[in-house]
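One-letter residues, chain by chain:
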Amino acid sequence: MQALLAAAPALPLHEAGKHVAGAYGVFVTLLIVYVAIMGAKVARIERDLQALAELVEDREL
Amino acid sequence: MALVFFYAPIDADQGFVQKIFYIHVPLAIVALCGWVAGGVFAIQHLRTGDRRWDLRSYVAIHLSLIFGVAVLATGSIWAKASWGHWWVWGEPTLVSFLIVFLLYCTYQPMRFSISDPGKQARYASVFAITAGAFVPLNFVAVRLATPLVHPRVFTRVAGQLPGSMRLTFLVSLLAVALIFTTLWKLELTSKNASDQLRRLRRRLEERVPAGVS
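Residue numbers (the numbering used here), protein chains in the order written: chain A, 1 to 61; chain B, 1 to 213.
By construction, these hints were calculated from the structure, which means they are not laboratory data.
All C-beta atoms, glycine included, are put in the ideal place defined by N, C-alpha and C.
You may find that some hints are simply not true.
[What the hints assert, rightly or not] Which residues of chain B face chain A? A partial, calculated answer using Cβ under 10 Å:
#1 V17
#2 I66
#3 K191
With the rest of the complex left out, here is chain A (with noise of 0.2 Å):
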């Protein structure tokens, strides 16, 4: 690894480095934001089936 840090060219982080963070970090945000929610309805359809499967179970007993 250090190898590999040692090979790499050094990144100008001064004023660009952080404009290109800004980007990058906006595309990173919306993504985590967009999973997190798709993560939250994924959770939800998960406990509305298992209402449902309870249900059924509770009618065919």
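Position chain B relative to chain A; hints supplied.
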């Protein structure tokens, strides 16, 4: 990301800030393709009457809108770093993308203002086809317009990317397209599951009184 930061050379003209190109341009291309795909799915919906095509169209447009937000944000950051302004109103590329974005911002309010599901799907499909046809027309019109400050990289005459930059760009484009496709599939699966669950519950609730009596 490794290719962007450690393989692609630093641009001689813009310097390190040019690295935004590898996220901004693929996002813009994928967002525009997503809107066109939404139009194609809408054509399929009107042809077949199958509601699944409408759902595919809706999810493609919805995701492209989210990608559009990222395009505008990354573009503004790049503009501030390169040109010293967050937004340049005289630049056709920027304004045309904003127009397309705002056009699609009206899609969801229009769609959900119609309560009848069949009518909602049909009207939304007509909107998606019309707006989807506008996207390539708009793109060609902008290419023909005289650019003020926005660079033209993919042309036949000048400004060709060197090999390492081109490879990095193509890998970034593929990565963003794969992210789009994965998220599209995820949202589609989630919406289908949710719809089926609602339908099952309705059927079950309809049967309960019959079983009781």
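Structure-based check of all given hints:
no.	hint	in the structure
1	V17	4 Å, holds
2	I66	6 Å, holds
3	K191	9 Å, holds
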